[in-house]
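Chains as they are written, first to last, in UniProt numbering: chain A, 1 to 150; chain B, 1 to 505.
Honestly, the hints are just simulated from the structure, not real lab data. A couple of the hints might just be wrong.
[Stated by the list, open to error] If the Cβ cut is set under 8 Å, some of the chain A residues that face chain B in the computed set are:
#1 K6
#2 M64
#3 K68
#4 S96
[Claimed, not checked] Cross-link-like lysine-lysine pairs, in silico, DSS-like; alpha carbons within 30 Å at most:
#5 K445(B) / K460(B)
#6 K179(B) / K68(A)
#7 K94(A) / K445(B)
#8 K189(B) / K10(A)
#9 K179(B) / K94(A)
#10 K74(A) / K146(A)
#11 K164(B) / K68(A)
#12 K164(B) / K94(A)
#13 K10(A) / K164(B)
#14 K179(B) / K6(A)
#15 K164(B) / K92(A)
#16 K6(A) / K189(B)
#17 K179(B) / K10(A)
#18 K445(B) / K267(B)
#19 K92(A) / K189(B)
#20 K92(A) / K179(B)
#21 K6(A) / K164(B)
#22 K473(B) / K391(B)
Backbone N, C-alpha and C fix where the C-beta goes; we use that ideal spot for every residue, glycine too.
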Amino acid sequence: MAGLPKRIIKETERLVADPAPGITALPHEDNLRYFDVTIQGPDGSPFANGVFRAELFLPEEYPMAPPKVRFLTKIYHPNIDKLGRICLDILKDKWSPALQIRTVLLSIQALLSSPNPDDPLATDVAKHYKENEKDAQRVSREWTEKYASA
Amino acid sequence: MYDDSDGYPSDSYDSDGLDANDSDFDEPIAQAKGKSKSPRVEYESFSSARLQQRVDDDIRTVASIIGLESPIASILLQHFRWNRDRLIERFMDDSATVLADAGEPDVAPSSPNPRPSKRVRLDTPTEFMCAICCDTDPANVFRPRCGHEFCEACWATYVTSKIKEEGQCLFNCIQDGCKTAVDEPSIEKLVTSSVLQRYRDLLLQSYVGTHPNMRFCPHPGCTETVLCSGGRGASLQTEVPTVECGAGHAFCFGCGLDSDHRPIVCKLVEVWLKSAREDAGTSQWIKANTRTCPNCKNSIEKAGGCNRIVCRNCNYQFCWLCMQKWEVHGYNNAVCSTWKEPEKDDAMTAAGQNLEKWLFYFDRFNNHELSSRLDQELVERAEEKVTEVQKSSDLSWIEATFMQTAVDELTKCRRTLKWSYAMAYFLVAGNQKQIFEDIQADLEKAVEDLSQLLEEQVEKDTIKSLRQRMMDKMVYVRMRHEILQRDTAEGLAEGRWEFTIPLDD
Numbered sequence: 001m002a003g004l005p006k007r008i009i010k011e012t013e014r015l016v017a018d019p020a021p022g023i024t025a026l027p028h029e030d031n032l033r034y035f036d037v038t039i040q041g042p043d044g045s046p047f048a049n050g051v052f053r054a055e056l057f058l059p060e061e062y063p064m065a066p067p068k069v070r071f072l073t074k075i076y077h078p079n080i081d082k083l084g085r086i087c088l089d090i091l092k093d094k095w096s097p098a099l100q101i102r103t104v105l106l107s108i109q110a111l112l113s114s115p116n117p118d119d120p121l122a123t124d125v126a127k128h129y130k131e132n133e134k135d136a137q138r139v140s141r142e143w144t145e146k147y148a149s150a
Numbered sequence: 001m002y003d004d005s006d007g008y009p010s011d012s013y014d015s016d017g018l019d020a021n022d023s024d025f026d027e028p029i030a031q032a033k034g035k036s037k038s039p040r041v042e043y044e045s046f047s048s049a050r051l052q053q054r055v056d057d058d059i060r061t062v063a064s065i066i067g068l069e070s071p072i073a074s075i076l077l078q079h080f081r082w083n084r085d086r087l088i089e090r091f092m093d094d095s096a097t098v099l100a101d102a103g104e105p106d107v108a109p110s111s112p113n114p115r116p117s118k119r120v121r122l123d124t125p126t127e128f129m130c131a132i133c134c135d136t137d138p139a140n141v142f143r144p145r146c147g148h149e150f151c152e153a154c155w156a157t158y159v160t161s162k163i164k165e166e167g168q169c170l171f172n173c174i175q176d177g178c179k180t181a182v183d184e185p186s187i188e189k190l191v192t193s194s195v196l197q198r199y200r201d202l203l204l205q206s207y208v209g210t211h212p213n214m215r216f217c218p219h220p221g222c223t224e225t226v227l228c229s230g231g232r233g234a235s236l237q238t239e240v241p242t243v244e245c246g247a248g249h250a251f252c253f254g255c256g257l258d259s260d261h262r263p264i265v266c267k268l269v270e271v272w273l274k275s276a277r278e279d280a281g282t283s284q285w286i287k288a289n290t291r292t293c294p295n296c297k298n299s300i301e302k303a304g305g306c307n308r309i310v311c312r313n314c315n316y317q318f319c320w321l322c323m324q325k326w327e328v329h330g331y332n333n334a335v336c337s338t339w340k341e342p343e344k345d346d347a348m349t350a351a352g353q354n355l356e357k358w359l360f361y362f363d364r365f366n367n368h369e370l371s372s373r374l375d376q377e378l379v380e381r382a383e384e385k386v387t388e389v390q391k392s393s394d395l396s397w398i399e400a401t402f403m404q405t406a407v408d409e410l411t412k413c414r415r416t417l418k419w420s421y422a423m424a425y426f427l428v429a430g431n432q433k434q435i436f437e438d439i440q441a442d443l444e445k446a447v448e449d450l451s452q453l454l455e456e457q458v459e460k461d462t463i464k465s466l467r468q469r470m471m472d473k474m475v476y477v478r479m480r481h482e483i484l485q486r487d488t489a490e491g492l493a494e495g496r497w498e499f500t501i502p503l504d505d
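When you get a sec, could you build the whole thing from the sequences and use the hints?
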C-alpha cells in the first residue's frame, strides 16, 4: 500500500514475527491500517479459555492519535459495552505516541483480568459487578463459553 | 468637564466633539450631578501585552525566589493553579516533593543540557531509530530535559497537536508514563510562530481563568483583561460591578455578561435571561415582535425607532407599546410604561396574571433591544444626507456628527431601560416600585422624544435648528439616565429594593 508510514510497517512486521503471547493481529490485505485481532482470555479470569475477536484501526493521525479498537465477540465486562467499545484511558486522554499496537492489545488483555467497575462503560454490568461480583463473574464465564469458545 | 464626578467607572459619557464645542451644555449636567456619590467598583484593564508582562513577572519572581529557571517556575505555577504564595510555601517546606509531583526529572537544573536549545546531531545516526516514526536517520533528534529522545519532526507534530487540537498549555513528554511537562523553550524551538502564539494565549487563559479577580473582556475578538477587586460573592446583591475594558467595551464583572446590565443585579439577570430563552420561539415571543393594528387588524412590524406607529393600511396612529390611540396618548405618557397590578378580586388566575406580567415586561425589554438597532439604521441612512448638507452649510465636520452622538446616547439609555424593565418585573409592588417606575417613565419619555427627532428629515435650512433641538434633548436624556442609574444603585446599596425572589441562594 502506497504511503504507509514506516512506523506502521515496522510494527506490523514485529507483530507477525514476534507476536505477544495470547494475542494475534493480522492486517487486512486491502487495508493495511485495519487489523483482525484475537485476544485470549487471561488465565484465572472469568474469560479464561475464551478467544475474543476484535478489530483495530489505525487512523490517519496515528501514532499521534490512538488506534481505534472494538471487540467483535460479545463479552460481559463492566468496561466494555454492547457494541464492543472499550473504556481504557490509554485509548483516550492517556494515549502516548510512544505506545504501540502491541502495548495497546496487552493493556486490553490486562483489562480483562482486572475489570474496573468504578469507571464503567456498561453501567448495568458494572452495577452487577459491584453488587454481586461472584454472580457477575458467573455470567461472564457463561458468555465466554457461549460466544468465545474457540 | 463632567466625566469625573458621575457614577460611571470611566468617562462612558464622553461624547467627542460635543464637549469641545458646546460649553453651554455643561451647565445642566453639572447641576444634576453635583452630589453624585453612587458606588463604583475599583478595577484596572490590561492589554494582552501588559497581561503577558504581568504573567512573566510572576514567573520571574517565583523563579528567583525558589532558585529555578523561569520555564520550570512556569510549569510549577501551572501545577499550583498560579497560586504563587502556596507554591513558594510548599516549595520551601519540601522542594523535592513539589518537583516530583510536577514530574520534574531528578536531574539537577544544572545538568549539561537541560535547555534543549542546541540541536543534537547524532554521531552515529544508524544506531538511532525514532520510536514514533521508525525513521532511522532523522534530520534532527530532540532531547528534552527528561531525556526521552525522538526525532524533531515527531516532537513538533506532537507538541503542535497538543496545543492546537487539544488546547493545552501544560502537557507531558511523549514517552508513555513520563510525567515531565514540556517546557516553553522546547515549545518555542519546536513549533511555528502561530502555534507558539496559541500556546502563549492558552497560558494567559489559564492564568486569568484561575485568578479570582480577573476576567477576559467578553466582547468577541477583544483581547483586554480586567482586574477588579470587588464584584464577587455577596457584594453582587448590592451592586452591579460594571467595568469597561481598555478597548471601551462595557461588561459586568460579576456575571461576565457582555453588556452593561445596570440597574438590575446579576442574579436577576440570570433568572430573566433563562426565562427569556425558554420563552423565545414560542407564540409569546412572536406576540412580542409583531402587532396587529387596533383599527384594521393589519399585521405591523416595527420599522422605525420611535413608538408612534402609523398603520400603512388605514393611517390609524397608535402607541407601539400600549396600543392606545396616538391622539389620546401623545409623546407625554407615563401610563404606558407603568405596570398596573391587577385588583385583588380580579378573576384572573395567578398563573394567568404571571404570564400577563411577564409578557408586559418582556415586551418592553425586547422593544428596546429592537429599537436600538433601528435607531442605528435610521442614523446610517441620515448620515449620508447630513454629510451632503454639511458640505453646503457652515457646519464643521465635527458638528455634523451630532446624529451619531445622539444615537450613542440613545443606545446606552435603551440598554438601561431594557434592563430596568427586567428589574421592575422582579420588584415587589409598593411605593418603592412606584417611585422606580416614575423615574423609569421619565427616562422612557425622554428617550422616545430623542428617538423621534432622529426620524426628522434633514434639510439644509433646518439642520442647525434640528441639531440644536437634538442636543438639548440629549442633555436632558443624559440627565434622566444619570438619575435613574444613581437612584437604583443607591437603592441596591441601601437594600431599599424588595424583590419577588431571594437574591441569596
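Check your understanding: Which hints from the list above does the structure break, by number from lowest to highest?
Key -> Hint check: 3, 7 fail, others pass.
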